[in-house]
Structures are given as structure tokens and as C-alpha cells.
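Colleague: Letter by letter, the chains look like this.
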Amino acid sequence: MQSKMKESDPILEVENLFASTDNLPILNGVSLTVYPGEIHAIMGRNGCGKSTLSKIIAGHPSYSITNGGIKYAGENINSLEPEERAQSGIFLGFQYPIEIPGVSNLEFLRVSTNARRKFLNKGELDTFDFEELVKEKLKLVKMDQAFLSRSVNEGFSGGEKKRNEILQMALLEPKIAILDETDSGLDIDALRIVASGIKKISNAQTGIILITHYQRLLDEIEPNYVHVMANGQIIKTGGSDLALELEKKGYEWTDNFVKET
Amino acid sequence: MEIIEQIKTNKLVENQTEIQKICLHKLQSNPLPDPKSEHWRLSNKSKFSNFLEYPFNEKDTKFDIPFTKNAQSTIRLTIGKNSQIKFIEEDYSIKQLSQDELDKYIKEQIYCFDQNENWSNLLNLSLSCTKNILGLKINGSKIPPIEIFSHSSSNSLNAKTLVIFLEKNCDVELLQVNLGIENSSLSQSTYFYLEENSSLNHGVVSYGANRSNLLNSLNVIQQKNSEYNLGSLHFNFNYARFEISIKQSSGNAKTNIKGMQITKKDEQISTYTKIDFNGPNGFLDQINKSLADDKSHAIFEGSIIVPKIAQKTDASQLSRNLLLSNLAQIDTKPQLEIIADDVKCKHGATISQLNEEELFYMRSRGITLPEASKLQLSSYFQEIISFIPVSKDRWDLLDKLLNDN
Numbered sequence: 001m002q003s004k005m006k007e008s009d010p011i012l013e014v015e016n017l018f019a020s021t022d023n024l025p026i027l028n029g030v031s032l033t034v035y036p037g038e039i040h041a042i043m044g045r046n047g048c049g050k051s052t053l054s055k056i057i058a059g060h061p062s063y064s065i066t067n068g069g070i071k072y073a074g075e076n077i078n079s080l081e082p083e084e085r086a087q088s089g090i091f092l093g094f095q096y097p098i099e100i101p102g103v104s105n106l107e108f109l110r111v112s113t114n115a116r117r118k119f120l121n122k123g124e125l126d127t128f129d130f131e132e133l134v135k136e137k138l139k140l141v142k143m144d145q146a147f148l149s150r151s152v153n154e155g156f157s158g159g160e161k162k163r164n165e166i167l168q169m170a171l172l173e174p175k176i177a178i179l180d181e182t183d184s185g186l187d188i189d190a191l192r193i194v195a196s197g198i199k200k201i202s203n204a205q206t207g208i209i210l211i212t213h214y215q216r217l218l219d220e221i222e223p224n225y226v227h228v229m230a231n232g233q234i235i236k237t238g239g240s241d242l243a244l245e246l247e248k249k250g251y252e253w254t255d256n257f258v259k260e261t
Numbered sequence: 001m002e003i004i005e006q007i008k009t010n011k012l013v014e015n016q017t018e019i020q021k022i023c024l025h026k027l028q029s030n031p032l033p034d035p036k037s038e039h040w041r042l043s044n045k046s047k048f049s050n051f052l053e054y055p056f057n058e059k060d061t062k063f064d065i066p067f068t069k070n071a072q073s074t075i076r077l078t079i080g081k082n083s084q085i086k087f088i089e090e091d092y093s094i095k096q097l098s099q100d101e102l103d104k105y106i107k108e109q110i111y112c113f114d115q116n117e118n119w120s121n122l123l124n125l126s127l128s129c130t131k132n133i134l135g136l137k138i139n140g141s142k143i144p145p146i147e148i149f150s151h152s153s154s155n156s157l158n159a160k161t162l163v164i165f166l167e168k169n170c171d172v173e174l175l176q177v178n179l180g181i182e183n184s185s186l187s188q189s190t191y192f193y194l195e196e197n198s199s200l201n202h203g204v205v206s207y208g209a210n211r212s213n214l215l216n217s218l219n220v221i222q223q224k225n226s227e228y229n230l231g232s233l234h235f236n237f238n239y240a241r242f243e244i245s246i247k248q249s250s251g252n253a254k255t256n257i258k259g260m261q262i263t264k265k266d267e268q269i270s271t272y273t274k275i276d277f278n279g280p281n282g283f284l285d286q287i288n289k290s291l292a293d294d295k296s297h298a299i300f301e302g303s304i305i306v307p308k309i310a311q312k313t314d315a316s317q318l319s320r321n322l323l324l325s326n327l328a329q330i331d332t333k334p335q336l337e338i339i340a341d342d343v344k345c346k347h348g349a350t351i352s353q354l355n356e357e358e359l360f361y362m363r364s365r366g367i368t369l370p371e372a373s374k375l376q377l378s379s380y381f382q383e384i385i386s387f388i389p390v391s392k393d394r395w396d397l398l399d400k401l402l403n404d405n
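For the record, the sequence lines run as chains A and B. Heads up: the first sequence runs through residues 1 to 261, numbered per the numbering used here. Heads up: the second sequence runs through residues 1 to 405, numbered per the numbering used here.
Any given hint might turn out to be false.
[As the list claims (entries may be wrong)] In silico EDC-like links for lysine to aspartate or glutamate, alpha-carbon gap of 16 Å or less:
hint: 1; chain 1: B; residue 1: LYS374; chain 2: A; residue 2: GLU75
hint: 2; chain 1: B; residue 1: LYS374; chain 2: B; residue 2: GLU357
hint: 3; chain 1: B; residue 1: LYS142; chain 2: B; residue 2: GLU167
hint: 4; chain 1: A; residue 1: LYS118; chain 2: B; residue 2: ASP103
hint: 5; chain 1: B; residue 1: LYS254; chain 2: B; residue 2: ASP171
hint: 6; chain 1: B; residue 1: LYS21; chain 2: B; residue 2: ASP103
Keep in mind that the hints were calculated from the coordinates and are not lab data.
With the rest of the complex left out, here is chain A (with noise of 0.2 Å):
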């Protein structure tokens, strides 16, 4: 299986990437590379860089990259803008997904939408074509209609926010989707249909990372590898049977790797 994967070309490669943020350093080395099929968890104490991670290869302005450097579809795009990167289809699915008063959800979604559409050469839909295909899309989340009235997440409850991430996700079809904590704050259910908007969305050519804490959400989607990070840097990486023992060890022997190194 893993084989057939790499006979394509890698859709990210994260190469030594070190980077800041005010002169403070959060990523210490990191390399990854993920090819189109592949699913990747990224697991590791609070403030160990795992967000920052995300952050940096959407293109969060606050951090900058001091070595190393990432490439998306073989070119590097360090210097590229975060909706440069979004058009050409690089995902990231927020922890904390941000509240915009006053700016409604179905506008945003629809803008969000022909943004990706136009880079892929596709027309623009107007807002009746949208309408018919976010309805399509709502479904695959569970979501009902009224959301779409409503402004960018404000007064969403933690997991109806989350599934908002994945209507995104489904809209915008990217290449690569980065979830960062994308099953914080959910309950079973949630995470259920979570879990299960996600699978829909990930086809051969899509390539996954998710960033979590928990077995729960790998118990729904199971990861080819799995890396641990401490400290700016992937440690470890090994099957899913890696999340298994963390669950069991917790993540205490990360510091003494850290301490070792």
C-alpha cells in the first residue's frame, strides 16, 4: 500500500524548517513529507509547536522561517501569501476557529469558494449555484441550513464551529488539509460525524495531517504514521500502534528526550 503512495510525487515537503515568531525560536528542525493517499498525525504536549507547525504552512504572517523550508506540489512556497497557498490548495482546519460578526456565513463560504475555483480554472458560481452546492455538502456534516444565515461562527457552539472547519474542507477540495485539534471540545457524536465528513472528503490524491491529543479521533480515522513532537522537532514517527503506546506512556518521556538532546 505504502509503496503504491510514494510512486507519486510527495504533495508536501516540510524540509529541516526551523522558524520564530518575536525573535522567539518554536520550530527546531522539522522535516515531513507527505505523499498524496497518506493520512499523518502529529501528536505532543501542549507547546511543543504542533499548531505553530500548521500555522507556518498556511502562511500565519506572525512567524517567520528562519532555515529550511517548505515545499507544497514540488515548489517551495516560503515566500507566498496564506491565501496564495489556500487557493492552491493547501487547508488548514483551526483549534479555535475564528468568530466574525457581521459577515455572513454563506457569503464568506461562497467567497472562500470561488477563490479556489478560479485558481482551478473553473467558474465562479453566483450565489443560486453556491446555494445548491453547499446544500449538498451540508449534509456530509450534518448541518442545517440556518447556519448558512448566520455570521462566521459567532455563537457557534465548540462543535458546531469544528464542523464548519469540515464544510469548509469539503467546499474548498484541497490537496493537503492540516486539522489542528479538529476533535477538541467535540462529544462522540460530534466527533463521529467529524471523523466521518472527513473520511468522505480524502480521496488518493489528498494527503491529511491531523493534530491531536487523542486515540479517540485515530480510533475513527487510522493514520499511516504517526509523528511525536517535543520541543520544535518530530522525535518519533511510527505506525499507528505509536498512538496507542503514547496513550499508555503519556508524554512524559518526551521531556526526557528533550533533556537528553
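Given the structure of chain A, go ahead and fit chain B onto it with the hints provided.
Modeller: Leaving out everything else, chain B in the frame of chain A:
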């Protein structure tokens, strides 16, 4: 400034009315406001001079209202144009005030005017000839929405005055539009008298063109159990001042204000509000937003006066401001003067920039930075625009705000 010389020598207006005589007399000894006074210290001197540079003109050039009528039932009036106004229907009547009624009311107001605080009113009444003063008396129910236009003429200073009495129990929606024409100055003063149990939803939309100036003053007196709601928007002026004075004359009245001013390039727009509670159980909810871009300057100064008689007053004043450029300037000063001891009053001010995390969220969905900024600004504007009554949809105000340079 020729106009100031004309005031000093009393050669500004021929065939002066009694009101003009009184106001000119008040201005003669001190024709300009004190630049050190609280009301004028931040005013840009060269821009204010530019306001006064245009020669005074009593006559209007041809003017076509640039917006389609929202509904057939809407009553549209232009100050200086409509000579005979009389709408008498089964449920309501809108009539012109008699000259005596008008003079009596205006004189009462002038009597209370302060040289600095009310300088704009004094100048306006010195200049406004009978033709350019529109006085209306409204009563009844099921009154159709009213739109009142005021405009300047190119290369001149024009003055327009509006006086409206709302009689007991009447409920009115009124949109006032002040249009600044290129290279011109407009002095607009408005007076409302709200009798008991009357209600006014008042919109003020003022927008200018290249190098236009505006002095806009609004004076409201509310009797008990009246409700006054104001939604206002000022943008695209070289120099504009919006001076609001509201008096709840015996308390027990409600006032809601949502105002916004937008400055770009090197414009200066300021809003001064004075809310005077002169009786118990008064209510005020006020929000003023300023948005300053480029090298522009926006100013908000608001005062709430709660004397001993105004027990149980419930007043809130919030100033929210967005700075879009490192070179732009915002001055804001909400303030309370409270003597009464049993009141609930709060005020606050914030100045911020566009929310970076919101912008990143939108950009991470492929929305470009300019588009993301527009979406964010539209949400910022929406709260105010939705409060402006009459025609707001037809006008595409939001598009105008987001796309005007």
C-alpha cells in the same frame, strides 16, 4: 476670509431678517470661535479657513436628487426648493410652520446659545434667508417616510436650516441627506422638537465630493415619553463637523444614537455630542464609530450631563475606533458630568486596527487581503447603516463606503 470681514462690518446679508440681525450681532464682536476652546482646539485651522473661503451664496444651482425614490409613498423635500408644503390626509398632516412660530422657536434657542459651542448654529442662522429655512409641523399617525435633502453649490458657501415640530403621539421616520458638491461649503442646522409620546427615527447621511466642507449641527429637545433614534454617517469631506445637542427637557425620555464617520486622504471629520438630562428616568444608548485611513484625522468628543434633578438616569456612551493607517489620527473623548447620585452611567473608548486573526482566517480560505479587509469593514459598518432609516437598501451605502477612494 472675506466672510468674517463681512460679519464684522455687518455687510454679509442685505435685507436682514430679525433672526439674522440677532445672530450677526452676536457674532460681530467675536466673529470666529475661540481656537483654544474645548470644541475647537482640535479643529484643523487651514481646513476651517477653507470652509470660510467660499463666497456666501443665497441661491442654489440646479440640483437633481441622485437617488431613485424608495417607495411611492415616501415624501421628498429639498430645503430651498419647496415653497408650499401641505400634506393633509385622513391620518396625518404635515404643514409648514408659520413665520411667527418659526421665529419664536428659533429666538428661544438663540437665547441659550454659547458663542463657541453654538458658533456653527449662529453662523447658519446669520446666513439662512427665509427661503432656505424649512419649518414643518407634523402630527397624526401612519405618516409616510420623509426624506429631506440639503446641498451646497459649486464654489460657494450655502446655508440651510430645518426646523421640525413633532406633535403629541406621532411617530416619524425621517432621513436627512446632506450632499457636498465639489469645492463648496455647506452650513446645515437642524432643530427638532419632540412633544410628549412622539417618536422620531432620524437618519443623517452626509457625504461630500472633492474638497467639500460641512458644518452640520443638530439640536433636539425631547419632552417626556418621547423617543429619539439617530443613525448617522459622515464621509468624503475635506472638513466636516457634526455637532449634536440633545436635551431631555423633563427626563423620562429615550435616546439612541449610532453614528459613524469615515476619513481618508487628509480629511478631517469630527463629531461633538452633548446630551443633557434635565429630569429623572432618562435613557441614552450611544455608540460612535470612527474609521481613519491614510493621513486623515477623526475626532469624537461626547459629553453626558446628569444634574441632580436627573436621578435614575441610565446612560451609556461608547466610542469605537479603527485606525487603518500608521499616519492616520483619531482623538476620542467620551465624558460624563454627573451630579445626581442614583444613576447608572458608563462610557468607554477603544482604538484598534483590523483584527489580524480574523484577517488570517479569511486569507487561509483563499480570500485576498483587500477582500478580507472589505468583508471585515462591511461588518463594522453594518451596525450603523442598519440603524439609518429609509432608503438604506436602495442607496447601496455599503458599496459606496467600501469602494469610494
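Colleague: What are the numbers of the hints the structure violates, in ascending order?
Modeller: 1 and 4
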